[in-house]
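Please put together the full structure from these sequences, using the hints given.
Number of protein chains: 4
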Amino acid sequence: MKQITRTPIVILNFKTYLESTGKRALELAKISGEVAEETGINVVVSPQHADVWQIAKEVEIPVFAQHVDPVDAGGHTGSILMESMMEAGASGTLINHSEQRMKLADIDAVVKKVKANDMVSVVCTNNVETSAAAATLKPNFVAIEPPELIGSGIPVSKAEPEVVEGTVDVIHQINPDVKVLCGAGISAGEDMRAALDLGAEGVLLASGIILADDPKAALLDLVSKI
Amino acid sequence: MKQITRTPIVILNFKTYLESTGKRALELAKISGEVAEETGINVVVSPQHADVWQIAKEVEIPVFAQHVDPVDAGGHTGSILMESMMEAGASGTLINHSEQRMKLADIDAVVKKVKANDMVSVVCTNNVETSAAAATLKPNFVAIEPPELIGSGIPVSKAEPEVVEGTVDVIHQINPDVKVLCGAGISAGEDMRAALDLGAEGVLLASGIILADDPKAALLDLVSKI
Amino acid sequence: MKQITRTPIVILNFKTYLESTGKRALELAKISGEVAEETGINVVVSPQHADVWQIAKEVEIPVFAQHVDPVDAGGHTGSILMESMMEAGASGTLINHSEQRMKLADIDAVVKKVKANDMVSVVCTNNVETSAAAATLKPNFVAIEPPELIGSGIPVSKAEPEVVEGTVDVIHQINPDVKVLCGAGISAGEDMRAALDLGAEGVLLASGIILADDPKAALLDLVSKI
Amino acid sequence: MKQITRTPIVILNFKTYLESTGKRALELAKISGEVAEETGINVVVSPQHADVWQIAKEVEIPVFAQHVDPVDAGGHTGSILMESMMEAGASGTLINHSEQRMKLADIDAVVKKVKANDMVSVVCTNNVETSAAAATLKPNFVAIEPPELIGSGIPVSKAEPEVVEGTVDVIHQINPDVKVLCGAGISAGEDMRAALDLGAEGVLLASGIILADDPKAALLDLVSKI
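Residue numbers (the working numbering), protein chains in the order written: chain D, 36 to 261; chain B, 36 to 261; chain G, 36 to 261; chain P, 36 to 261.
In short, the hints are calculated from the structure, not lab data.
Given the structure is predicted, the values throughout are model-derived calculations rather than measurements.
Incorrect hints may appear among the rest.
The calculated lysine to any residue pairs, modelled on SDA-like cross-linking and capped at a C-alpha distance of 20 Å, are [said to hold, decoys possible]: (1) 58/B <-> 107/D; (2) 193/P <-> 162/P; (3) 138/B <-> 182/B; (4) 58/P <-> 110/G; (5) 65/G <-> 39/G; (6) 251/G <-> 43/G; (7) 138/B <-> 104/D; (8) 138/G <-> 111/P; (9) 138/D <-> 147/P; (10) 148/B <-> 182/G; (11) 65/P <-> 259/P; (12) 147/D <-> 183/P; (13) 173/B <-> 205/G; (14) 251/G <-> 77/G; (15) 138/G <-> 135/P; (16) 173/P <-> 208/D; (17) 58/D <-> 152/B; (18) 173/D <-> 173/P; (19) 148/D <-> 40/D; (20) 138/G <-> 133/B; (21) 138/B <-> 135/G; (22) 147/P <-> 104/P; (23) 138/D <-> 183/P; (24) 260/P <-> 77/P; (25) 138/P <-> 144/D; (26) 138/P <-> 182/D; (27) 58/D <-> 110/B; (28) 251/B <-> 224/B; (29) 138/B <-> 112/D; (30) 148/P <-> 111/P; (31) 58/B <-> 111/D; (32) 138/D <-> 138/P.
Just so you have them, the derived chain D footprint on chain P, three or more residues with Cβ under 8 Å [stated by the list, open to error]: (33) 140 to 151; (34) 157 to 166.
We treat Cβ as the ideally placed atom computed from N, Cα and C, and that holds for glycine.
Put into structure tokens, the structure is as follows:
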């Protein structure tokens, strides 16, 4: 667990872009593994559910699911069962991403189930208040992403530094064991540097790397100022 | 396509049982492949999303997704993208299963997208009226499953034959190209025989086989009276 | 019932605009009643749930709910119970509006419950295919509203006449008792005239009247070319 | 506001029982008003949306909505707009009831909107952890209701006193301004007494009173040991 949650951490959310589906997901995961090895930074990939199995077999870095449903094994056709993600090789999961918001009771249930299985939980939030709420549930990470900045190219660490600082402060008060990540609009090394300077211990990002002309160069730039 | 939709057809829904997750999903898929080869019956497996890739690589029989979300490629973290299922090896998908009900407009959108990609669509329904509605959307199959019988062990083909017959009749009027499957409570050869006698062209089933002590024997029994 | 569903019909959806909430909802309902009386046209208002009771007491024209939830009486805190809408004075309900899409099985359940209580059902749809599907469920009306035109000011009857005609044709084949309404972008008399010429028996509209400087004048204009 | 939130408080959730719909809702509200007047206890009623207007006109006690949707005024057909509830006479609302669970980000948005309009917020929760999370959002009340006890007749204050105490403790640490209510299975005076002894400042209840043969007697008994 310690190894998986080592910071600074970069979590690369593959979302459902064609550029990060199937074979291209595998390539992107391999590139991420190379950057992790070359720089020593803890890089995690979060591909689509169908790609977890193959990627987990072929790369050394941690693989996180993008979402798991709040269900236990049984009759839940079409749901994402945490046990299925684990067996496919996932060692953690995003929870409550802005594109997959969950009910409060379900976030709580999934965080507990993830913890009980020694997996890593990353609860995404949209502001300081919901970050505080998420922290009371004791996940490993809270990733603060103001929805209006997601995919905007405008880094939250520059546009709304008070949101990152406010989140770091309030979570420190509630539960200092919960680490803060910062998402939304992050892509360049200086954005990540700014995030770390504000007290975040890593970043959660997607399009800035995935849709880059040269994802490896983009990823290397991202971690260049750590 | 013709090959994939050849009838009589048996679609085995793996749901999210631990007995049909990961390695056990692969075993069950191999058993299903053996039964298909030994009997000549068109057996299709529908495993969890994370298991599609590996199963599609290792078995010859068709693999269907359990669900795809009504989204196109892009920013949809945690959603099931049809293109991802395709690249993983799925050649069709269940739609609107009783455990994953969808909005009418979304069923329409997914059926169209599945068709545009030469995949097979199986729309699940709960009664004669919704079966008629589903048939107007022109999927390959409509699978009628009265919810109260799902997982009950009481076969719809015996308990409510009028539902199967009524569905066959109304769909024949609306669109004779749409084939009717029959689900809910089916497990034995005589249940499948009864379904075919009522005009269904196959069955969609889950627990009766998956949770059987000897799934291969159960599957062989299921197809023994065709 | 005959009286309530008399055509041509104008259904005015109050949505959740402040301009049609509370006192202003009552004023708008009274204006609608005046236009109905002055012109002899069947005008129906569909206010927010909290306003149904007062409006139904004070106006003579029919009042429809904007939505009812697919639940029966019991423990469903926060849900909209059809029986509650009935007792408040509603004589019909919109179902599956584009801003309140429903699952296929739930549309079917609500249409049946509405019919069993001699209320009027208006199922909203987004294209020809879902209109056909809705018609198989035998509601009183299907209201076709291409989502991209809702609130656009561009009338569907002019921008996409083939969608209205196609809907009228397909519904006539499936069930000639189901009447077609036409929504999205309608506000002027010539738009309504065009809708009727295409085979629709009325319109479902909102912002074109509700947000007009002079709603009564707008409503009188709307029905001026019938 | 102070008057509305005065404790001990009894919030009577009318849910969607026929016994508490329309005329019977009004009767029940009047009975509740009588008990409030006779005993001096702060009794609040939470009827269905369609009944708020009439009840708020005819009784003196506070009326809370059962739910409001996380939307602002505009095009949201069928949604429950907070402004509509306010104009109908509601002075507060339940939020995230177990029968109407909400996404974390939406609970936050609704609590803020309710507060900005000087209304009272009651966030329902299912366990100690989600109660802590809810408290960080600074509602007026958190109502802890273990779902398995709702409607059971088994009072949480007796069956799971540690849940009530744990909630009181954790909320006291996070934000002592947030008051704790206790729900689920409460109906008799000793259950309410036990709840207050555990640190709760009131109760949220439904079937125990609404479905009683003599609701007034039941309500009088409930508050008899305060």
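Structure-based check of all given hints:
This hinted pair checks out: residue 58/B and residue 107/D have alpha carbons roughly 18 Å apart, not beyond 20 Å. Of the supplied pair hints, the one linking residue 193/P and residue 162/P holds, its CA atoms being roughly 15 Å apart against a limit of 20 Å. Restraint check: the Cα-Cα separation between residue 138/B and residue 182/B comes to about 17 Å, which is no more than 20 Å; the hinted pair holds. A threshold of 20 Å between alpha carbons decides the hint, and for residue 58/P with residue 110/G the separation of about 18 Å falls inside it, so the pair holds.
At most 20 Å may separate the alpha-carbon atoms for a hinted pair to count; residue 65/G and residue 39/G meet this at roughly 17 Å. Our distance criterion of 20 Å between C-alpha atoms is met by residue 251/G and residue 43/G, whose separation comes to about 18 Å. Proximity of residue 138/B to residue 104/D is assessed by CA-CA distance (about 19 Å); at most 20 Å being required, the pair is judged to hold. Among the hinted pairs, residue 138/G with residue 111/P is consistent with the structure: their alpha-carbon atoms are about 18 Å apart, no more than 20 Å.
As the CA atoms of residue 138/D and residue 147/P are separated by approximately 17 Å, the hinted pair is consistent with the 20 Å bound. Under the criterion of a C-alpha separation no larger than 20 Å, the hint pairing residue 148/B with residue 182/G is consistent with the structure, at around 18 Å. With a C-alpha separation of about 19 Å, the suggested pairing of residue 65/P with residue 259/P holds against the 20 Å cut-off. Distance hint between residue 147/D and residue 183/P is fulfilled; the C-alpha atoms sit about 18 Å from each other, no more than 20 Å.
A C-alpha spacing of about 14 Å is found between residue 173/B and residue 205/G, which places the hinted pair at or below 20 Å, so the restraint holds. Among the hinted pairs, residue 251/G with residue 77/G is consistent with the structure: their alpha-carbon atoms are about 15 Å apart, no more than 20 Å. In summary, the hint linking residue 138/G to residue 135/P is supported, as the alpha carbons are separated by about 17 Å, within the 20 Å threshold. Distance check on the hinted pair: residue 173/P and residue 208/D sit about 16 Å apart at the alpha-carbon level, within 20 Å; holds.
Simply put, residue 58/D and residue 152/B have alpha-carbon atoms about 19 Å apart, close enough for the 20 Å limit, and the pair holds. A C-alpha spacing of about 19 Å is found between residue 173/D and residue 173/P, which places the hinted pair at or below 20 Å, so the restraint holds. Among the hinted pairs, residue 148/D with residue 40/D is consistent with the structure: their alpha-carbon atoms are about 17 Å apart, no more than 20 Å. Among the hinted pairs, residue 138/G with residue 133/B is consistent with the structure: their alpha-carbon atoms are about 11 Å apart, no more than 20 Å.
At roughly 10 Å between alpha-carbon atoms, residue 138/B and residue 135/G fall within 20 Å of each other, so this suggested pair holds. Taking the CA atoms of residue 147/P and residue 104/P, the gap is about 13 Å. The hint holds against a cut of 20 Å. Using a Cα cut-off of 20 Å, the hinted pair residue 138/D and residue 183/P holds, with the two alpha carbons roughly 18 Å apart. Between residue 260/P and residue 77/P the CA atoms are separated by roughly 14 Å; this keeps the pair inside 20 Å, and the hint holds.
Restraint check for residue 138/P and residue 144/D: the C-alpha separation of about 13 Å stays at or below 20 Å, so the hint holds. The straight-line distance between the Cα atoms of residue 138/P and residue 182/D is roughly 15 Å, inside the 20 Å bound, and the hint therefore holds. Proximity of residue 58/D to residue 110/B is assessed by CA-CA distance (about 18 Å); at most 20 Å being required, the pair is judged to hold. A C-alpha spacing of about 13 Å is found between residue 251/B and residue 224/B, which places the hinted pair at or below 20 Å, so the restraint holds.
Restraint check for residue 138/B and residue 112/D: the C-alpha separation of about 16 Å stays at or below 20 Å, so the hint holds. Restraint check for residue 148/P and residue 111/P: satisfied, since their Cα atoms lie roughly 17 Å apart, inside the 20 Å limit. The suggested pairing of residue 58/B with residue 111/D holds, with an alpha-carbon distance near 19 Å, which does not exceed 20 Å. Distance restraint check for residue 138/D and residue 138/P: the Cα-Cα separation of roughly 4 Å lies within the 20 Å cut-off, and the hinted pair is therefore satisfied.
Counting residues of the segment 140 to 151 of chain P whose beta carbon lies closer than 8 Å to any beta carbon of chain D gives 5, which meets the minimum of three for the stated coverage. Given as covered by chain D, the segment 157 to 166 of chain P passes the check, having 5 residues with a CB less than 8 Å from a CB of that chain where 3 are the minimum.
In this structure, none of the earlier numbered hints is contradicted; all agree with it.
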